[in-house]
Amino acid sequence: MAARSTRRRDGAGGASRRVTLDGLLATKEIVVACGPGGVGKTTTAAAAALMAAVRHGSKVLVLTVDPARRLADALGLDGIGNTEHRVPDEAFRVAGVKPRGQLWAAMLDTKESWDALIRRYAPDERTRDEILANPLYQNISGRFVQSHDYIAMERLHEIHSSSDYDLIVVDTPPTRNALDFLDAPERMADFFSSRLLRWLIVPYRSRLVNVATRPFYQVADRILGTEFLADVSEFFILFQSMYDGFVERSEAVSRLLSDRRTTFVVVSTLEAVPLREAEFFAEQLTARRLHLGAIVLNKVLPDYLSDPSGTVVAEALRDRADELAGALAPVLAGATPALGDPIQIGRVLAEVAESYLNFQVVAVREQEERASLAVVPDVLATVPFFETDIFDLTGLLRLGEQIWG
Amino acid sequence: MPSLTDLRLVFVTGKGGTGKTAVASALALYASQRGKRVLICEVDAKGDVAGYYESGTTGFHEREVLPGLWAMTMDTEASLREYLKLQLRIPVVGRIGPLAKAFDFVATAAPGVREILTVGKLCYEVRERRYDLVVVDAPATGHIVGQLAAPQAINNLVKVGLIRSQTDWMLDILSDPGQTGLLVVCTPEEMPVNETIDLAHRVRTQTTVRLAAVVVNRVLPELFGRKEEEVFDALGTPVALAELDRLVQGEAGPVLEAARLAVTLRRTRSTHLDRLRRGIDPSVPLLYLPYLFNRSHGLRTTRQVAASLGEELGD
Chain R
1264 MAARSTRRRD GAGGASRRVT LDGLLATKEI VVACGPGGVG KTTTAAAAAL MAAVRHGSKV
1324 LVLTVDPARR LADALGLDGI GNTEHRVPDE AFRVAGVKPR GQLWAAMLDT KESWDALIRR
1384 YAPDERTRDE ILANPLYQNI SGRFVQSHDY IAMERLHEIH SSSDYDLIVV DTPPTRNALD
1444 FLDAPERMAD FFSSRLLRWL IVPYRSRLVN VATRPFYQVA DRILGTEFLA DVSEFFILFQ
1504 SMYDGFVERS EAVSRLLSDR RTTFVVVSTL EAVPLREAEF FAEQLTARRL HLGAIVLNKV
1564 LPDYLSDPSG TVVAEALRDR ADELAGALAP VLAGATPALG DPIQIGRVLA EVAESYLNFQ
1624 VVAVREQEER ASLAVVPDVL ATVPFFETDI FDLTGLLRLG EQIWG
Chain Z
70 MPSLTDLRLV FVTGKGGTGK TAVASALALY ASQRGKRVLI CEVDAKGDVA GYYESGTTGF
130 HEREVLPGLW AMTMDTEASL REYLKLQLRI PVVGRIGPLA KAFDFVATAA PGVREILTVG
190 KLCYEVRERR YDLVVVDAPA TGHIVGQLAA PQAINNLVKV GLIRSQTDWM LDILSDPGQT
250 GLLVVCTPEE MPVNETIDLA HRVRTQTTVR LAAVVVNRVL PELFGRKEEE VFDALGTPVA
310 LAELDRLVQG EAGPVLEAAR LAVTLRRTRS THLDRLRRGI DPSVPLLYLP YLFNRSHGLR
370 TTRQVAASLG EELGD
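Chains R and Z, in that order, give the protein sequences. Start counting the first sequence at 1264; every next residue gets the next number (my numbering). Start counting the second sequence at 70; every next residue gets the next number (my numbering).
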């Protein structure tokens, strides 16, 4: 096992922080990347995992949900489904690095993971086959939104128990509510231990209908029809046989999330809507006594855009475009005669100035957002707006360097 | 094909972060500005629509937030209550508590049940004709197909019963391209474009709803033509830059750098736009909305987006 660096780095911009992502990841076994959709969560998770493999010499797994095709290709994930897969040395060589550790990647296939779970917990083959063939089960495993959350956490637990990796970085599924996956294990346990479940699994005709439950059955019957209710009952009776396994497992997953070896990295941009959502999420983590390790802010505009001296120059370019163009025309024409048209130069100067001032509005607002961040974690990393997409290890390393500290 | 605002029911979806709610809010506002009575319904219940109109919170019972524009937030339990009262004439007022819990439970097991109440309520509003247009801030791309296909899913799962008998008229509304359309919001970036192309395919094969248009949001302006870009490059050479610095008595480098970033960003994005155009049925219009140089949101921004949308729709 390679030694891990826990050395503190007081690099530019990070001097006041207690730790860096470098230090944070060196002491953790699980990193859960979470945040609103469309902020670069998957890419950030992959970059963090890559850095840990390259710099710490750890054996790292990135468990991703829905990577962009080119990123999946770069990680060697194309078409391999649920299995863990080592990112080949060749990919590192192309990116010009020699990793001290190993980077593994796996994609989360909800349907496949559910089936595996049923196979594990079903008491016998007959029950297993009946569940797998039940139309309600197929509905749940394939489309049930919350089942993604549960399965992500379930897989995390399974892989962590195997002790195969020094570090597991999990990318969380896009959910309606970023908190859903935190509640998923508990909700699943509730689901199976509920009194309502017991109502439903009483055989339909022989059910002891009392005053409290009668309206439910009457209405349910009228709305859904007897046959559907019978399907539902059968499904729950089958699932009941796996009750203990599920509840036990759900509790273990909840414990794992609150373990001190687990940390959460909230990913966002500095746009108002995602940032509010990310802040809410960070607050909830704290309220649940879960460890908020870092906030990563992606796609942040460069600092020079909010420099007041830039404003002065841009305004001069805009207001004096024609005059400046006249003075510059001979200079440009000196190099290339065709480029010495003062009217054209004036137009370019005005466009350049306008563009700067436009982006400046956004940059200043971003800085205000960053300054007013309600939750301040151990590590606050910002990643600049890259002009190109990140789709290979070279790009991931570039991003990784930015967040590492 | 009917214009977007001549439809009766428009579902607006998109990948997270593409501006789905902003576009839905703007579309509803634009239609109301054109004299239509519009209902906007938020299905994801995050309360964002209220923010785009700066109108205070919305609930299941619609509220007029701007002239001619009503807003509501979907609540499947309330929808069930209304459904039972209106459609089945079942007096459940006193019993809704335990019933709702039980319903929640069944809905968890059979996802179509929850979705059908959402779709059912929306179709009901269309059928009742109290509004000219119902705009839905629908679930994100990952979940919209399940939503739109709910009536068929219910038809497959539930063979008899009242819900079953209710799905036919919903399907009539959803399947009518003159009444119902889907609007997908996308940004010119890799993942949103991938998801949009993938979604267009799934909508065609798995639902009866027509893809009415794709909104390409946050399109960066084109700064220069080809010749102007040569001039721009020449301005960045050391000699020209030194002269420029001298003329403005400051550093023009960062200002040019920002324009360079804008040009590169636009170029990267245009490749994704090309991919989108090739990946979507040519009969589906793409509506382009400009990048707004602010990172906030509110009624003012919604008005700006509505104006841009109006220009693109050109009606």
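It is worth saying that the hints were derived from the structure and are not from the lab. Misleading hints may appear alongside valid ones.
[As the list claims (entries may be wrong)] Pair by pair, the computed Cβ-Cβ distance ranges are:
no.: 1; chain 1: R; residue 1: 1379; chain 2: Z; residue 2: 274; range: 23 to 31 Å
no.: 2; chain 1: Z; residue 1: 340; chain 2: R; residue 2: 1508; range: 44 to 52 Å
no.: 3; chain 1: Z; residue 1: 290; chain 2: R; residue 2: 1633; range: 21 to 29 Å
no.: 4; chain 1: R; residue 1: 1357; chain 2: Z; residue 2: 311; range: 36 to 44 Å
Ideal Cβ positions, reconstructed from N, Cα and C, are used throughout, including at glycine.
Going down the list of hints, with the structure as the test:
The hint said 23 to 31 Å for the Cβ distance between residue 1379 of chain R and residue 274 of chain Z, and at roughly 28 Å that hint holds. Look at residue 340 of chain Z against residue 1508 of chain R: about 49 Å separates their beta carbons, and that is inside 44 to 52 Å. At roughly 26 Å, the beta carbons of residue 290 of chain Z and residue 1633 of chain R sit within the given window of 21 to 29 Å. A C-beta distance of roughly 39 Å is found between residue 1357 of chain R and residue 311 of chain Z, which places it inside the suggested range of 36 to 44 Å.
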